Amino acid sequence: MKEAPFVAAEPQDTQPLARRIRGQALRMVTRAKASHIGSALSIADIVAVLYGRTLRVHPAAPDHPQRDRFILSKGHACVAVYAALAETGFIDPALLDSYGSDGSMLMAHISHKVPGAEFSTGALGHGLPFGTGKALAAKRRGQDWRTIVLTSDGEWGEGSNWEAALFAAHHGLDNLVCIIDYNKLQSLKTVDETLRLEPLHSKFEAFGWAVREVDGHDHGALVAALEAAPWEPGRPMMLIAHTIKGKGVSFMENRVEWHYRNPTPELLAQALTEIAGEKGDA
Amino acid sequence: MRNAFIEELTALAESHDHIALIVGDLGYSVIEEFADRFPDRFVNAGVAEQNMTGLAAGMASEGYHVFTYSIANFPTFRCAEQIRNDVDHHRLPVTVVAVGGGVAYGALGYSHHAVQDYALMRAMPHMTIAAPGDPLETRACLRWLVANPGPSYLRLGKAGEPRFHDSIPDVAPGRWVKVRDGDDDSILLSTGAALGAAMSRAEGRAVWSLPLWSMAAKADQPAQIARHERVTTLEDHLADGGFGSWLTESVAGTPAAGRIEPIALSAEICDRVAGQSTLNRIGGLTL
Numbered sequence: 067m068k069e070a071p072f073v074a075a076e077p078q079d080t081q082p083l084a085r086r087i088r089g090q091a092l093r094m095v096t097r098a099k100a101s102h103i104g105s106a107l108s109i110a111d112i113v114a115v116l117y118g119r120t121l122r123v124h125p126a127a128p129d130h131p132q133r134d135r136f137i138l139s140k141g142h143a144c145v146a147v148y149a150a151l152a153e154t155g156f157i158d159p160a161l162l163d164s165y166g167s168d169g170s171m172l173m174a175h176i177s178h179k180v181p182g183a184e185f186s187t188g189a190l191g192h193g194l195p196f197g198t199g200k201a202l203a204a205k206r207r208g209q210d211w212r213t214i215v216l217t218s219d220g221e222w223g224e225g226s227n228w229e230a231a232l233f234a235a236h237h238g239l240d241n242l243v244c245i246i247d248y249n250k251l252q253s254l255k256t257v258d259e260t261l262r263l264e265p266l267h268s269k270f271e272a273f274g275w276a277v278r279e280v281d282g283h284d285h286g287a288l289v290a291a292l293e294a295a296p297w298e299p300g301r302p303m304m305l306i307a308h309t310i311k312g313k314g315v316s317f318m319e320n321r322v323e324w325h326y327r328n329p330t331p332e333l334l335a336q337a338l339t340e341i342a343g344e345k346g347d348a
Numbered sequence: 008m009r010n011a012f013i014e015e016l017t018a019l020a021e022s023h024d025h026i027a028l029i030v031g032d033l034g035y036s037v038i039e040e041f042a043d044r045f046p047d048r049f050v051n052a053g054v055a056e057q058n059m060t061g062l063a064a065g066m067a068s069e070g071y072h073v074f075t076y077s078i079a080n081f082p083t084f085r086c087a088e089q090i091r092n093d094v095d096h097h098r099l100p101v102t103v104v105a106v107g108g109g110v111a112y113g114a115l116g117y118s119h120h121a122v123q124d125y126a127l128m129r130a131m132p133h134m135t136i137a138a139p140g141d142p143l144e145t146r147a148c149l150r151w152l153v154a155n156p157g158p159s160y161l162r163l164g165k166a167g168e169p170r171f172h173d174s175i176p177d178v179a180p181g182r183w184v185k186v187r188d189g190d191d192d193s194i195l196l197s198t199g200a201a202l203g204a205a206m207s208r209a210e211g212r213a214v215w216s217l218p219l220w221s222m223a224a225k226a227d228q229p230a231q232i233a234r235h236e237r238v239t240t241l242e243d244h245l246a247d248g249g250f251g252s253w254l255t256e257s258v259a260g261t262p263a264a265g266r267i268e269p270i271a272l273s274a275e276i277c278d279r280v281a282g283q284s285t286l287n288r289i290g291g292l293t294l
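Protein chains in written order, with my numbering: chain R, 67 to 348; chain V, 8 to 294.
Please keep in mind that the hints were generated in silico from the structure rather than gathered at the bench. Incorrect hints may appear among the rest.
List of simulated lysine to any residue pairs, SDA-like, C-alpha gap at most 20 Å [stated by the list, open to error]:
#1 R/K205 to V/P46
#2 R/K205 to V/G70
#3 R/K205 to V/F45
#4 R/K205 to V/K165
#5 R/K179 to R/A160
#6 R/K179 to R/G166
#7 R/K205 to V/F49
#8 R/K205 to V/A42
#9 R/K179 to V/R182
#10 R/K179 to V/D47
#11 R/K205 to V/R44
#12 V/K165 to V/T261
#13 R/K205 to V/D47
#14 R/K179 to V/F45
Only a predicted model underlies this, so the values are computations on that prediction, with no experimental measurement involved.
Work out the full structure, taking the sequences as your base and the hints as a guide.
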């Protein structure tokens with residue numbers, strides 16, 4: 067029997083979705099007194115575009131064989147994805163209240179036990195090799211779903227990522243997209259001061275990937291790049307998304323301490339006001 | 008064992024179209040037939056074991072039972088975190104296969120001595136260790152692993168190990184398999200290729216092999232230990248974190264712990280380069 071074609075969820079307006087993701091992420095880390103809010107705000111627009119528009123997924127069938135696979139390799143930024151899963155119907159939004167508390171499904175690194183999450187990470191350099199295995203499986207079986215892996219920039223210090231980069235190009239995995247959240251700030255200092263990645267674009271080109279660069283907070287640019295996939299037959303895709311760590315909250319932007327700190331109630335209120343802006347819907 | 012492994016895997020792949028083999032650029036004169044017959048289920052990942060293992064987990068998450076294949080410590084220690092997080096934590100059907108268990112590659116030196124691999128693998132909660140003692144146990148273990156897919160580690164010797172069974176034995180995690188009749192009060196119990204050492208040290212005692220074991224299978228050990236006055240374990244692995252330790256832990260705090268006498272390789276061999284039989288003798292496994 068032929069399987070019924072997979073129907074992805076209806077696209078939605080990604081701007082308000084991104085504001086709600088930011089708002090939920092801020093509330094979650096505040097309640098849980100958890101870290102990594104800067105990393106989550108950095109990817110909020112990318113995640114909003116993925117779940118609101120470009121990923122072929124549906125909350126009614128989170129394990130559908132024809133769905134796109136999205137892997138968050140920077141598992142410490144999981145609040146952005148949990149918020150997106152709640153805002154798009156994969157999990158009950160009330161579950162977000164339990165984030166990081168004893169016995170919650172929502173641990174402070176992304177967990178595959180959460181509906182809609184493919185893979186648990188937390189140790190860096192694991193998402194791309196795993197996603198490469200998924201992309202190879204799809205190729206070998208002639209299936210047309212895509213694998214999208216979101217990595218941080220700092221985690222490109224991990225050798226396993228470069229092993230996967232070689233492999234994906236060698237095997238022509240043009241069903242694989244890797245998005246780098248290139249906020250240029252890692253755990254202690256900037257990427258440039260820690261372990262330089264530049265020239266990143268030409269590095270990946272030299273590895274055999276099709277490479278594009280976008281403003282990682284420009285929804286139109288993100289949608290255009292992701293919807294144009296595959297960019298070149300036979301090449302995996304590297305989307306270098308230039309981002310700002312802590313994006314959307316003035317006192318968090320480009321500040322390394324917000325890799326660790328959690329907001330006081332007063333700072334949360336201020337942050338939510340900034341996120342909501344004139345719209346009032348964060 | 009290596010030949011029994013690849014023959015059996017190739018036969019199983021014929022009837023199970025989800026079996027895939029990923030090698031870490033090793034397996035010359037071993038893997039060619041599998042690669043030729045099942046090109047869409049064979050990958051040479053190159054000299055990149057971390058990616059090999061993450062890749063295997065990714066494929067396993069899409070319905071494959073993936074066997075990763077390399078020598079000694081390369082598919083285990085080099086990618087220990089991928090095994091721990093990607094394979095074991097997600098309970099994915101990936102079987103890590105290492106050839107050259109123990110000091111089978113003796114003269115190649117410490118880099119090629121797999122004498123701490125049990126310690127690593129048995130610390131993972133969902134991992135089944137398959138350490139066959141002869142070519143027939145190798146086939147039995149493989150059939151069990153394919154029928155019961157999950158995180159697993161298959162530790163092989165090299166080639167040319169003697170055959171100790173007459174037919175393919177029944178195996179299951181934690182279940183001892185009798186290999187030689189004899190005095191059943193004081194017995195020898197080996198895992199892996201140390202079966203050969205057990206057979207040569209039997210001196211009238213019964214010899215048992217335990218080719219499949221795991222953290223969960225510890226629970227089955229006290230009842231089997233209770234049937235014997237003395238259980239001497241043998242393994243081509245260091246004592247620390249090894250098979251004898253595992254068995255002793257299963258009865259820790261009870262009088263039965265005193266019945267277990269582990270024989271394992273002395274850490275002295277870690278600074279030595281010699282052939283397998285010499286290292287096994289210096290290490291105290293063989294006499």
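The hints, checked one at a time:
1. R/K205 to V/P46: holds, 13 Å
2. R/K205 to V/G70: With Cα atoms ~14 Å apart, R/K205 and V/G70 stay inside 20 Å; holds.
3. R/K205 to V/F45: holds, 15 Å
4. R/K205 to V/K165: violated, 34 Å
5. R/K179 to R/A160: With Cα atoms ~17 Å apart, R/K179 and R/A160 stay inside 20 Å; holds.
6. R/K179 to R/G166: holds, 14 Å
7. R/K205 to V/F49: holds, 13 Å
8. R/K205 to V/A42: holds, 17 Å
9. R/K179 to V/R182: Answer violated: R/K179 to V/R182 is near 32 Å, above 20 Å.
10. R/K179 to V/D47: Violated, at roughly 31 Å.
11. R/K205 to V/R44: Since the Cα atoms of R/K205 and V/R44 sit roughly 19 Å apart, the hinted pair holds (cutoff 20 Å).
12. V/K165 to V/T261: violated, 38 Å
13. R/K205 to V/D47: With a Cα-Cα distance of about 10 Å, the restraint between R/K205 and V/D47 holds, given a limit of 20 Å.
14. R/K179 to V/F45: violated, 33 Å
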